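Participant: Spelled out from the first residue to the last, the chains are:
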Amino acid sequence: MNASASTSENPLSQPAGRGEKAVETFYYDNRIVRAFAIATVIWGIVGMSVGLLAAVELFFPAANLNFQYITFGRIRPLHTNAVIFAFVGNGMFMGIYFSLQRLCKARMFSDFLSWFNFWGWNAIIVAAAITLPLGFTSSKEYAELEWPIDIAIAVVWIGFTINLLATILKRREKHLYVAIWFYIATALTVAVLHVVNSMEIPAGPWKSYSVYAGVQDALVQWWYGHNAVAFFLTTPYLGMMYYFLPKAANRPVFSYRLSIIHFWALIFIYIWAGPHHLLYTALPDWAQSLGMAFSIMLVAPSWGGMLNGLLTLRGAWDKVRQDPVLKFMVGAVTAYGMATLEGPALAIKTVNSLSHYTDWTIAHVHTGALGWNGLLTFSVLYWLFPRLYDTKLWSVKLANYHFWIALLGMMFYVAPMYVSGITAGMMWKQFTADGFLQYPNFLQTVQQIIPFYRLRAIGGSLYIVGTFLMAYNLWRTARAGKFIPEEKAQAASYRTQLAAHEDRAFSHRWLESKPVLFTALSLVAVLIGGMIEIIPMIVVKENVPTIPSVKPYSALELLGRDIYIREGCVGCHSQMIRPFRSETERYGEYSKAGEFVYDHPFLWGSKRTGPDLHRIGGKYPDAWHYNHLDDPRATSPGSIMPRYPWLLTQELDTAPLAARIKALRTVGVPYPDGYETNALAELNQQAAKIVGNLKNGQIKAAPDREIIAVIAYLQRLGTDIKAAPPAAKVAVNN
Amino acid sequence: MELINKLGGVAVFGVVSICLFVVVFTASMCWTAFLRRPFLAKMETLPLEDERAPQPSPDNL
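First to last, the sequence lines map onto chains A and B. Residues in the first sequence are numbered consecutively from 1, following my numbering. Residues in the second sequence are numbered consecutively from 1, following my numbering.
Source of the hints: derived by calculation from the structure; they are not laboratory data. Only a predicted model underlies this, so the values are computations on that prediction, with no experimental measurement involved. C-beta atoms are modelled at their ideal positions from N, C-alpha and C, and glycine is treated no differently. Misleading hints may appear alongside valid ones.
As the list claims (entries may be wrong) - Distance ranges between label pairs, derived from CB positions:
1. A:T635 to B:V16: 24 to 30 Å
2. A:M199 to B:V16: 22 to 28 Å
3. B:L48 to A:L169: 45 to 51 Å
4. B:L48 to A:W206: 45 to 51 Å
5. B:R37 to A:V465: 46 to 52 Å
6. B:R37 to A:I450: 31 to 37 Å
7. A:L341 to B:V16: 42 to 48 Å
8. A:V155 to B:A33: 40 to 46 Å
9. B:A33 to A:N400: 24 to 30 Å
10. A:R495 to B:A41: 20 to 26 Å
11. A:G668 to B:A33: 48 to 54 Å
12. B:A41 to A:P545: 32 to 38 Å
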């Protein structure tokens, strides 16, 4: 790997006299680019295939074969992690490692760090693919991986960031092109987001609890979640757009001025927009309004960037007809424009009241994922492989077929999800003339949208078929050519350029030649929004009014909650009743911030494939839950919930109970000192009571099975505010 | 409403946020205004500079 390292720096440099150019010869590292490119293709196929399995399970729940490790709740996060961090992640590194070297006119700073980045990142993905099906999850969306993997992510990311910044520092090009700014913003912001959102206390080798609770956890999570979209799925890809689109079109970027405004406005605004994921929830209204306002403002820089991309093709539109690379790029940039117009629209509270928790959100994110990220990744792969292998693309025709199949797949995926989302949202809110819910049974709304789930699976299948065609095409391209592991290049030394640019002016031009200052200013720009939103939420006590009757979970309920997290129930069931009549009629009293103060992590959810569960406690007898979890269709004909027969047979593991109570106490849950010593006795007592209730329902169950803990947790949900507040007792004592 | 009344200075968060954005946006506009045409032309063509010979693009497709 380091064969050229000795020759990569300055082997032929000549002394530079004044006005004389010292030309240095060096080598670009193409091996690392190829490695990330291959990983992108492999993980793309894997991640999309897992998504297809999850999609099929939504209309055919038995597709999991009653095998717990591939149940929807467990493979849904596997799908999202695989496509975001494995497919797009490797694609992002592929684009950065190729373009950064060329824009800096320098080899990457360290081959060791490059390969540490590659193997470390892909080992993390393998760890995710193993642990998520096993149920090791924090349950926080797009941050599900447990604490050992979180630490590994931080270490690998630091390695990548050092390599990125050090390469910039040793560059031979004085000014930093706009793509590099986006890469810097990505590296810094992802690091901050990951560290802040992953603050958790370990309670075992593969179990941890978030240090934040309830509302605060929700705000931090969606500050992270939204900005994972912004700074993992968007800014690095914008950098790639600014590099690869001009390359493919052989045209300079339309407006460099616009790219500067695009960059600063985008990174500044994006970070504020997270609370739009929590509209009408128990999050304080001021935070919701900030999130909504900045989300709407976001459309301006996003469209500025989109237009800058499309207008780069001015005078080259005839090429788009023949060149599949440009076709994919136009498709990607157009999808970016559609998604970034739709996103702000969905952040408007009135629109969000209909769209939230429905498949409309799924349609929106897949316009971005399949369109923006997917198509742009494909375009870069088609552009890169012939260059890496010094040959022609094996089949332009096949690449064109891929484009149209992918586009058709997107249509079949996205359009049914829009119809499904709007249908479900409207049915949930529909009242009769007499003022009753038109569809009081949630299942009525589920049955209505199942045909769209089938269509979505067809769309996803088409998209995967296209990806297979690409993999074959790239493989044949590689076979036909000869790989160039070390690409020879020449450039004037940095010192020579400095001598030629002595007319320094105070402008962005000056800033672009100061990477350290540039990095610091970028960091300030992205931190401001998060700080203004998150710090008051944590330090201003009034943001979360306490409710005296809300108590920590009992030992049995705590273990039941952990199983609820393990099974990924939050993927389909929210625990947040919004203050709408349509929701309070269906589910009960709306949710209050003070009810979640002991929820580490929060489990509000973001999708209602099934009904909200926040007031499920006491709604049905224990026997109903037992039968429902064993076979949902036995109690709810037509349900698409998977069966959970293993909960009936697997023994409840009480060994980690003490460690979990201690961890929760550390993060502020007021378990009394020594509670862990008598927690087991209390657990057995509560379990025996549930077994007694089941016996009354003609069900014979052992008290040490997992299902008993899950029932205990479900029966506790939302019941605290119904209890008499202990304040009255205190008053008597006084 | 009770919660909003208790939260002193709620409006200041929104005002500060918008002001900060105006500052950032104005600053970036000013920066771009100072840029000179030759510099812009150089930066716009920067990605096109690094081609190695012989050029594989676009005839490779």
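Participant: Each of the hints needs a verdict: does it hold here or not?
Facilitator: A quick look at each hint next to the structure:
A beta carbon spacing of about 52 Å between T635 of chain A and V16 of chain B contradicts the range 24 to 30 Å that was offered as a hint. A C-beta distance of roughly 26 Å is found between M199 of chain A and V16 of chain B, which places it inside the suggested range of 22 to 28 Å. Hint check: L48 of chain B to L169 of chain A, Cβ distance near 24 Å, so the stated range 45 to 51 Å is violated. Hint check: L48 of chain B to W206 of chain A, Cβ distance near 50 Å, so the stated range 45 to 51 Å holds.
Take R37 of chain B and V465 of chain A: their Cβ atoms lie about 48 Å apart, and the range 46 to 52 Å holds. R37 of chain B and I450 of chain A have their C-beta atoms about 60 Å apart, which leaves the hinted 31 to 37 Å range violated. Between L341 of chain A and V16 of chain B, the C-beta spacing of about 27 Å breaks the proposed range 42 to 48 Å. For the pair V155 of chain A and A33 of chain B, the supplied restraint of 40 to 46 Å holds, since their beta-carbon distance comes to about 43 Å.
Separated by about 43 Å at the C-beta atoms, A33 of chain B and N400 of chain A break the suggested range of 24 to 30 Å. A C-beta distance of roughly 24 Å is found between R495 of chain A and A41 of chain B, which places it inside the suggested range of 20 to 26 Å. Distance hint check: the CB atoms of G668 of chain A and A33 of chain B are about 51 Å apart, consistent with the given range 48 to 54 Å. In this structure the supplied range 32 to 38 Å is violated for A41 of chain B paired with P545 of chain A, their Cβ-Cβ distance being about 59 Å.
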